[in-house]
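Trainee: Residue-level listing of the chains:
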Amino acid sequence: MSIKLKINGTMSEVEAAPGTPLLWVLRDTLRLTGTKFGCGVAACGACTVHLDGMPVRSCQTMIEDVGDSEVTTIEQVGGEVAEAVRQAWRELDVVQCGYCQSGQIMQAVGLLTETRSPSVEEIDAQMWGNACRCATYQRIRGAILRAAEILEA
Amino acid sequence: MSVKTSRRGFLAGAAASGLVIGVDARGALAFGVQAKTRDFTPFVRIDTTGRVTVLVKHLEMGQGPATGLPTLVAEELGSDLSGIRVEFAPADNEHYANTLFGVQLTGGSTALSNSFLQYRKAGAAARAVLLQAAAQDWAVPVAELTLENGTISGHGRSEGMGAFVETASAMVLPEDPPLKDPAQFRLIGNPDLRRTDTPAKIDGSAQYGMDVHLPNQMVAVILRPPRKGAVLTGFDAAAAAAVPGFIEAKEGVGGVVVFAEHTWAAFQAREAIAAEWDLSGAEARSQADLRAELSAMVSAAPAYEARADRPMTEIAAAVAGAPRQVEAEFFFPNLAHAPMEPVNCTIEPTADGGVILHDGCQFQTLVQAMVAGALGLEPGKVRINTMFAGGSFGRRSNTDADYPVEAAQAFALTDRSRPVKLVFSREDDVRGGYYRPAVAHKVRIGLDESGAIAGWDHRVAGESIIKGTPFEGGMVQEGGVDPTSVEGTRDTPYRIGGMFVGLTDSAPLSTVLWWRSVGHNHTGYVMETMMDQAARAAGEDPLAFRLKHLTGDAPDQRRMAGVLRAAAEAAGWDDPLPEGRARGIAAHKSFETYVAEVVEISQSDGRIQIERVVCAVDCGLAVNPDVVKAQMESGIGYGLGAVMRNAVTFEGGEVQQVNFPDYEPLRISDIKAIEVVIVPSAAAPTGVGEPAVPPAGPALANAIAALPGGRLVTVLPMAENGVTFA
Ligand code: FES
Ligand code: FES
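Note that the protein sequences, when read in sequence, are chains E and W. Under my numbering, think of the first position of the first sequence as 1, with each following residue one higher. Under my numbering, think of the first position of the second sequence as 1, with each following residue one higher.
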């Protein structure tokens, strides 16, 4: 079927079978490969994108359920919070292999948009579903705290 | 100025587009113009605008060579790291071999150490020849010129180094360019340097194998045998025809290869295919059989002697006759590497009948040969485009070159006109073999009157990583010992009076492979928990007991004691702990690097939380201190996650785990804080990718055992053997 999607501020019309996860439309059809495939079962968070600004797992979001919601991916996520998060990620050199980091950043931006100065406990709870096999967690936590500081300044 | 031309590329004439500098396979420096790189392959390329490109010969899988190797060049060249372009080297064993192995391979935590002089020399040679060129152009003595931040200055003039690339191209490179005095280093050892790959990894632009989209490409997935040894007898793909984007399904690669226009279609079509298997010759053992077999092996006489300070019976008798004894038996399950990026490989046909392989490739020399073999091509017809790798932990380098060869075999099932991208799902990854071996250990220690170790009788049984591979001839020792099964035991830095290490090989239920830190990930656990048990039996502090067995000033003992002291100090080892808290310490040497870790835990309502991990590392000179710290953090997390929760287990020969929900990765809340101390050292740099793994598990185990009523966990993972984590 043909579906209209609003992705990163532009309308795109894509062909996809019902039941196709948004993840694969982003990656294989639209070539927005910054959104990653890690597990396909909502257990790793590598596929995290924003639907109307809220982090969701794109591997569990069926294409027909997106509707009028606006999809934002790592390639285009912007604004004050995203910039603060990227700056913090650079300052702390969070990344290692990097494969989980798109999802981490999308989740972190979502978290800081909701909660400007999260506690460590809130960070751990909100980031729990984003796995990092390189175990960069210490820096993820530190970078979110740093981003909150940048936003406050 | 003499101008020399040779096969090695000491080229005369004007530079076409830039200067390229490398070190050839024999370690000689070579350079030439970029347009003519056939005779040698460079590490450094400088164009006439002064733009520097460093060709990184090691796979960037998170461990940092895309930062470390350019740092070495930039240091000697006097340039800024952030201005350097990083490019991954092509498959070319002659020029890009790992100097320690003689093949193009990233592994053994050697990326930085084997490149340390090679890349510095390349940078220094570029600097020397550019200065010389400027001296010639300006007709001034070279001694009066300096090169800093891409600019050559002196004698009242100053100009960007790119202006001298053309003149430099006609010059002879110095045989042995002077290297910087370490006291003058600005970049090496500088904790403020940032990774070169961060920008691309925070905006989604970094390209991994999984991101390859070539025009007209097909995606292939494999319906794999449910057990080792199962043989496909037939399949029905009728239902797959209804999946939009499905192309075809063919028997091959040990199962059914499913081709589709895109990934989701391939996954869906595979689900729809019913396959039949002949299981008569298939593996049928279960986890209980494996445990029983390994346990019997460590209790019987070993097949091989890996270390025998005295005859086995004598040491066994010494232990038995000692006034105090400690004994334990351990079991370590198989583990999957589970890199975040499921492995994948794309084969692209080229106009000349060859192929380009797009892969986060860790073992180029072997992959090139194996893929060429699978496709009936000359190795030279197989080019490799090495991409960023979303982790590996050992998975991407194996002597079968398994997933590149599978990609080639799938490609060979087609008419070879379209690129084929072979993709693993997470299920393929978790269930697909290439596991850390399952291993058992049995250790008996005798302590003398003074509380010192008088005898150490150590038996290991497990699946050999090296036997049956092309490395067998070179690595397995006379007598049959696979060194990777016992590394970390018989070469312990502890001074042990009378050690015996025996080894017996078992038959694996699946293919086995090195897993981050190889043998050390289990031997470290056994050595360091047993040291704690022995300290306890001797009534001594675990740190003091270790130091007592690390006397003397030989490097092994001195450096191991050094990291233990540094970690203990940073952790406040002697500070009293509040109730419900405990600490454990462990240290281990692997890949020439010494790491000690102190794990502090809390317990409430019977649930254990890791509060803090303090780590001290001695890796010689820390070229990129922040990368060293990151690798310590990473190894600690990887090691702890596995001992806490991970196991691949078998039922009737079939792997019981499926995906992350039952092969649960470490999560952000599992470790509250990590601190890393780098022990200052001027020794040559050694590896950091793996050595933080071995001490992590035993430090946690020792902390758990130190809780009131605590006990040593000898069967892993902990969560399935009596430990509840918060
Ligand atoms: S790929 Fe969606 S959560 Fe893992
Ligand atoms: S950085 Fe490698 S998985 Fe997170």
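Don't read these hints as lab results, they were simulated from the structure. Even for Gly, the Cβ is constructed at its ideal location relative to N, Cα and C. Certain hints may be false.
As the list claims (entries may be wrong) - If the Cβ cut is set under 8 Å, some of the chain W residues that face chain E in the computed set are:
(1) E166
(2) T167
(3) R194
(4) G204
(5) H213
(6) L214
(7) R291
(8) A630
(9) N659
(10) P665
Trainee: Could you run down the list of hints and mark each one as holding or not?
Mentor: Right, here's what the structure says about each hint:
1. Taken as an interface hint, E166 of chain W does not check out: its beta carbon lies about 36 Å from the nearest beta carbon of chain E, beyond 8 Å.
2. At a threshold of 8 Å, the smallest CB-CB gap from T167 of chain W to chain E is about 38 Å, leaving the interface hint violated.
3. The closest approach between the C-beta of R194 of chain W and any C-beta of chain E is roughly 5 Å, which is under the 8 Å cut-off, so the hint is satisfied.
4. Among the interface hints, the one on G204 of chain W holds; its C-beta lies about 2 Å from the nearest C-beta in chain E, closer than the 8 Å criterion.
5. At a threshold of 8 Å, the smallest CB-CB gap from H213 of chain W to chain E is about 6 Å, leaving the interface hint in force.
6. Look at L214 of chain W: its Cβ only gets to about 11 Å from chain E, farther than 8 Å, so that hint breaks.
7. Against a cut-off of 8 Å between C-beta atoms, the interface hint on R291 of chain W is violated, since the closest Cβ of chain E lies about 27 Å away.
8. The criterion of a C-beta within 8 Å of any C-beta in chain E is met by A630 of chain W, whose closest approach is roughly 6 Å, and the hint holds.
9. Below 8 Å, beta-carbon pairs count as interface contacts, and N659 of chain W has one with chain E at about 5 Å; its hint therefore holds.
10. Taken as an interface hint, P665 of chain W checks out: its beta carbon lies about 4 Å from the nearest beta carbon of chain E, inside 8 Å.
Against the hints set out earlier in the document, violations occur for numbers 1, 2, 6 and 7.
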